[in-house]
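Chemist: Fit chain B to the known structure of chain A by using the hints.
Okay, here's what each chain looks like letter by letter:
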Amino acid sequence: MSERCQHADTVASYLLGALADGERREFEAHLTTCARCREDVAHLRVVADVLPLAVPPVAPPVQLRDRLMDTVRAEASVLHAAGPAADRPRPARRRRLVPAFSRPLALAGALGALVLGGAVGFGIGNSTSGDHTRTVVQVRTVRAVVDAAAAPRGTALIVLRDGVATLRVTGLPAPPRGKVYEVWLLRRGAAAPSPTDALFSVSTRGSGRVALPSVSGVEAVLVTAEPDGGSNAPTSQPFINASL
Amino acid sequence: MSDRAAAYRPSLRDLADEDLMQLVQRAQASAFEVVYDRHAGAAFSLAYRMCGARQFAEEVVQEAFLSIWRSGARYDRSRGSVRTWILGITHHRAIDVLRRGLVQDRHRASDEGIEERFEAEERTDVEVARREEALEVRGALDGLPQEQRRAIELAYYGGFTQSEIAEMLGVPIGTVKGRMRLGMEKMRGQLAPPAEVLP
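Each protein sequence line maps, in turn, to chains A and B.
Residue 18 in my numbering sits at position 18 of the first sequence; the count goes up by one each step and never skips.
Residue 91 in my numbering sits at position 91 of the second sequence; the count goes up by one each step and never skips.
Okay, chain A solo, but in the shape it has when bound (with noise of 0.2 Å):
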């Protein structure tokens, strides 16, 4: 057998979840370059995988199951709406945004789309009532108005969620040749609009999503077609419209 390493005792704590976040940092950076310690992990990880089963037995309320199948029957159908497309990973240049539908993307937009111009409480934070926790996402969407001469059947959703903004398109035709949708934010008091570096384009069925920057302050969110790589002052009107 190979000579002990010095960590050894730490398998223990980091199996048991007894690590500090910084220690199990350390200690899985280390795992990397000892093969002594990934054997005992191994080793010993049977012990920290049956722990759970010691404890009694206790059944979950009936609420639980009905609250976390409602979110994922939403969120099923959602993605089954979507097609495929739902699960393609996000591209890696954001200045490229296209048909960009990432899984949490997809989810997101699948919340607002449920919600079309309302608020509503769905998923993270706590809110207590009675003897049971939910966990609550605050998910506000705004329809916003699409220039019907530009977009005839285009539909645009802002839905904002935890505080992050995603605009979500439908039945927009692809940008003309050479040119790409960008977003633009009107604030308060402010006489144009700032350009942004969300840029995206349109899947071939004409629905697309984009992050936006933050939109504290914002009067309003608007679209036009820019050249390639976006604009500093928009070229063209906007043709998609959204009041916050």
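Hints are supplied without guarantee of correctness; some may be wrong.
A few chain B residues that face chain A, going by a derived Cβ cut-off under 7 Å, partial list only [to be verified]: (1) A29; (2) R49; (3) A134; (4) Y156; (5) M168.
Worth flagging that the hints you see were computed from the coordinates, not collected in a lab.
Since the model is a prediction, treat every value here as computed from it, not as a measurement.
Quick reminder that beta carbons are idealized off the backbone N, C-alpha and C, glycines included.
Modeler: Positioned in the frame of chain A, the structure of chain B alone reads:
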């Protein structure tokens, strides 16, 4: 689908966890429901043991299962059973709750004798086998020298760090690490072979 074909189509409840997880990755809610029904009891029991209160246990289990639903693709069957994976996620979530200080009386959660218990029903052979396995693990834990058992319980069920345990027990941190290590070694010897979590 014809009646004949339908007759041969296995029910989701006949599928192994690993096969269900493939369907969960494709956002099939009914497959997720089966996974939940199989493992929510063990997850809730663990969360309740750690947090000591229903409201926190519910929060932990809800967060754990939602993260499983939303990240089902991260399950790697080469690293263990679905049950072990789910219970590991639940354990991490419970530790998060405990370390965020949301549970005011952590000592209670880590002590024996939780007053409020709700026995789960035994409905299937698998559950009976699990109950027997639980007794075996409990026996191995109870068979440890008291100071080793205490260190393991405070760490795993109490969510305390090794530094916190050393302070609580008034012993050097190296002593705590040694007790946990020795205790786990002894349990490993008693549980093997085989020491596998039932599917």
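Chemist: Any hints from earlier that this structure breaks? Give me their numbers in increasing order, please.
Modeler: 5
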